[in-house]
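One point on numbering: in my numbering, the residue at position 59 of the sequence shown is 59, and numbering is uninterrupted.
Hint data in this document are derived by calculation from the structure and do not stem from the laboratory.
Where is the CB? At the ideal position from N, CA and C, for every residue including glycine.
As a list, the in silico SDA-like pairs of lysine to any residue whose alpha-carbon atoms are at most 20 angstroms apart:
| id | residue 1 | residue 2 |
| --- | --- | --- |
| 1 | Lys19 | Ile39 |
| 2 | Lys12 | Ile58 |
| 3 | Lys12 | Glu22 |
| 4 | Lys12 | Glu53 |
| 5 | Lys19 | Ala50 |
| 6 | Lys12 | Glu59 |
| 7 | Lys19 | Ile44 |
Derived Cβ-Cβ restraints for the label pairs, each shown as a range:
| id | residue 1 | residue 2 | range |
| --- | --- | --- | --- |
| 8 | Arg64 | Cys29 | 40 to 50 angstroms |
| 9 | Arg64 | Gln34 | 39 to 49 angstroms |
| 10 | Asp65 | Glu36 | 42 to 52 angstroms |
| 11 | Arg9 | Gln34 | 29 to 39 angstroms |
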Amino acid sequence: MDLIEYFERQRKRCERELKYAEAAGFQLCERTAQGEQDITQEHIQQLREAREEYQRMIEYLKARD
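Let the hints inform the model, and build the full structure from the sequences given.
Structure, rendered in structure tokens:
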């Protein structure tokens, strides 16, 4: 597997996770010392940023070829 293929697979994984994370009723919680904390929006933002970064890497690698 080359780097472009790797980043494309990772980008698609983020897109799949976003599909479920953005669905109504999805909630992701994290246990903290203060109790549970809703981290759904933080998770969605991280997935979006990762997807964009993977896309930038794909474009960069394709431009080099």
